[in-house]
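Residue numbers (the working numbering), protein chains in the order written: chain A, 555 to 713; chain B, 555 to 713; chain C, 555 to 713.
Some clues are possibly wrong.
One copy or any two copies: either way a pair holds, since identical chains are not told apart in the list.
Within a straight-line C-alpha distance of at most 27 Å, the following computed DSS-like cross-link-like pairs (lysine-lysine) qualify [claimed, not checked]:
{"no.": "1", "residue 1": "Lys558", "residue 2": "Lys669"}
{"no.": "2", "residue 1": "Lys557", "residue 2": "Lys604"}
{"no.": "3", "residue 1": "Lys557", "residue 2": "Lys705"}
{"no.": "4", "residue 1": "Lys646", "residue 2": "Lys611"}
{"no.": "5", "residue 1": "Lys616", "residue 2": "Lys684"}
{"no.": "6", "residue 1": "Lys611", "residue 2": "Lys633"}
{"no.": "7", "residue 1": "Lys602", "residue 2": "Lys645"}
{"no.": "8", "residue 1": "Lys674", "residue 2": "Lys604"}
{"no.": "9", "residue 1": "Lys602", "residue 2": "Lys692"}
{"no.": "10", "residue 1": "Lys616", "residue 2": "Lys646"}
{"no.": "11", "residue 1": "Lys684", "residue 2": "Lys633"}
{"no.": "12", "residue 1": "Lys633", "residue 2": "Lys604"}
{"no.": "13", "residue 1": "Lys674", "residue 2": "Lys646"}
{"no.": "14", "residue 1": "Lys674", "residue 2": "Lys602"}
{"no.": "15", "residue 1": "Lys705", "residue 2": "Lys611"}
{"no.": "16", "residue 1": "Lys669", "residue 2": "Lys557"}
{"no.": "17", "residue 1": "Lys674", "residue 2": "Lys558"}
{"no.": "18", "residue 1": "Lys558", "residue 2": "Lys705"}
{"no.": "19", "residue 1": "Lys674", "residue 2": "Lys645"}
{"no.": "20", "residue 1": "Lys611", "residue 2": "Lys645"}
{"no.": "21", "residue 1": "Lys649", "residue 2": "Lys674"}
To be clear, the hints were calculated from the coordinates, so they are not data collected in a lab.
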Amino acid sequence: MGKKASIVLFSGDFDKVMAAYIIANGAAASGMEVTMFFTFWGFNAIKKNKGPIVGAKNWMQKMMGIMNRGGSSRLPLSKFNMGGMGRSMMKKIMKGQNVQTLEELMADAVDLGVKYIACKMTMDVMGISKEDLVPEVKDIVGVATYIAEAKDCDLNLFI
Amino acid sequence: MGKKASIVLFSGDFDKVMAAYIIANGAAASGMEVTMFFTFWGFNAIKKNKGPIVGAKNWMQKMMGIMNRGGSSRLPLSKFNMGGMGRSMMKKIMKGQNVQTLEELMADAVDLGVKYIACKMTMDVMGISKEDLVPEVKDIVGVATYIAEAKDCDLNLFI
Amino acid sequence: MGKKASIVLFSGDFDKVMAAYIIANGAAASGMEVTMFFTFWGFNAIKKNKGPIVGAKNWMQKMMGIMNRGGSSRLPLSKFNMGGMGRSMMKKIMKGQNVQTLEELMADAVDLGVKYIACKMTMDVMGISKEDLVPEVKDIVGVATYIAEAKDCDLNLFI
Chain A
555 MGKKASIVLF SGDFDKVMAA YIIANGAAAS GMEVTMFFTF WGFNAIKKNK
605 GPIVGAKNWM QKMMGIMNRG GSSRLPLSKF NMGGMGRSMM KKIMKGQNVQ
655 TLEELMADAV DLGVKYIACK MTMDVMGISK EDLVPEVKDI VGVATYIAEA
705 KDCDLNLFI
Chain B
555 MGKKASIVLF SGDFDKVMAA YIIANGAAAS GMEVTMFFTF WGFNAIKKNK
605 GPIVGAKNWM QKMMGIMNRG GSSRLPLSKF NMGGMGRSMM KKIMKGQNVQ
655 TLEELMADAV DLGVKYIACK MTMDVMGISK EDLVPEVKDI VGVATYIAEA
705 KDCDLNLFI
Chain C
555 MGKKASIVLF SGDFDKVMAA YIIANGAAAS GMEVTMFFTF WGFNAIKKNK
605 GPIVGAKNWM QKMMGIMNRG GSSRLPLSKF NMGGMGRSMM KKIMKGQNVQ
655 TLEELMADAV DLGVKYIACK MTMDVMGISK EDLVPEVKDI VGVATYIAEA
705 KDCDLNLFI
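Chain A with its partners taken away, still in its complex shape (with noise of 0.2 Å):
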C-alpha cells in the first residue's frame, strides 16, 4: 500500500504557507497520497483574494473578517513583514530565484491530487462561509476526519 502524509496547516504566514505546499507538493510528487487540513489562520491561505468575506453573521465576526482578512496575495511574512514590504521583496527575490509562486503552487497540488479538508469549527467560529473559499476546498469536516486520516499516515506535520 502506498505511504501517505498529512499536514495540518494552521499557520497564515506567507513562509509557513509556502513551506507547506512545498512539503505537501513534494510529497505527492513523490507518490505519497497527501491531505491538508486548514484551521485556524490557515484558512487565509484558501480564502479567494476578492473582498471581505461574506459568511460573517455578526459585528465580531465581521471585524475579524476585516482585520484577518486573508487570501493567498495578502498573507504576511512571519518575520521582517513591515507592513507587507518584507513580504514583496520575499516575492521579488523568489522570483528572480525562479522559485514558484503560491498561486503556482497552489495550482499544481491541485494537479498532483493534494486532498483539501478544511475545519468546519473555525469556519463557524470566523463566519467563513464556502463560498469565502477558493472552490478546490470540497469537504468541510471535524477534526474526527483529521484524526482518521492522520492516524494512517507515515508523514503528519502541524505548520
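Fit chains B and C to the known structure of chain A by using the hints.
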C-alpha cells in the same frame, strides 16, 4: 494493538493550545492512546490560574514568572491579541458558536485519559514547581521519556 | 531495523532551535537515526557566527542578510526577546541550571551522528552559500530528499 498519538505543546498561545487540545481530545475520543508533552511556553497552559509561581528561586526567574505568568485564562492569541482584547473577542465568538472553552477541553482531556508529561528542564529553567501546576500533571520527565513514547506513536505533532 | 526521526527546522528562534536540538539529541541518544532538515529561518541556526553572508548577490539578498543575520549566538527568543535582553537573561538562567548551551547541543548532535540536510531553495532565495554555513552541513538538497527520508521515519516534527 491500539494506535497512539503524542503532541509536544511548546506554544503558550491561546489559539495553538486550543488546537492542541482539540486534536488530543479528538484522537483520544477515537480510541487512540494520547500523550501530551508540555515544554517551554506550553507550561502556561497547565499553570494554575491564581497568583505568581512559587517555584522561582532568583530575581530572573521571578521576573520571567511575572512577564510570562500563564494559566489557562491568561493565554494570549498568537495574532491580534491586542493586550487581551483579541482573545476576549475570540472567546466571545467561540461561546456564541457553542465551541467548548479551553477549560472544558482540558477537563475532557482528563476524562478521556490523555496522559500529561511535563518537561523537567523547563521547570528548572523557569523556576516552576509542581505546586504551580494543575493537579493532573503527575509526571515530570526528561526528553528521553518523550522520545520513548513518541517513537512508537502513529501521530506525532509539535505545536 | 532501527527507529528513525526527522525534524524540519523552519524556525530561527532561540527557544525553538533549542527544543529542536534537545529532541534531536534525545532521539539520537536513544539509538534513533536522526535527520534535521534546515529550511527558511532555520538556517540562522547553522550560519557561522562571524560577519555578513558572502553568498548574497543583489541588494535585496544583502539587505535580508543584514536584517536576518543569524548564527547560533544571535538567535532571538520567540517571546520577550526585547532586543536581545530576554535572550541574555534566558541564557543566564539556563547556565545557572546547568542546561547545555546551544553550542554544546550542536556539538553533541555532531558526535551523536545527527545528519544535517539543508534546503537548496532557501539558500538560493536568501543568497546563502555553503561557506556561510557551519562545516557540518554537507548536503544541500531539494525537498524530495527530505520527503524520501521522512516517509520512513517513526517520528517527524516541524519546528
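* Asked: Hint by hint, which ones does the structure fall short of?
  -> 2, 15
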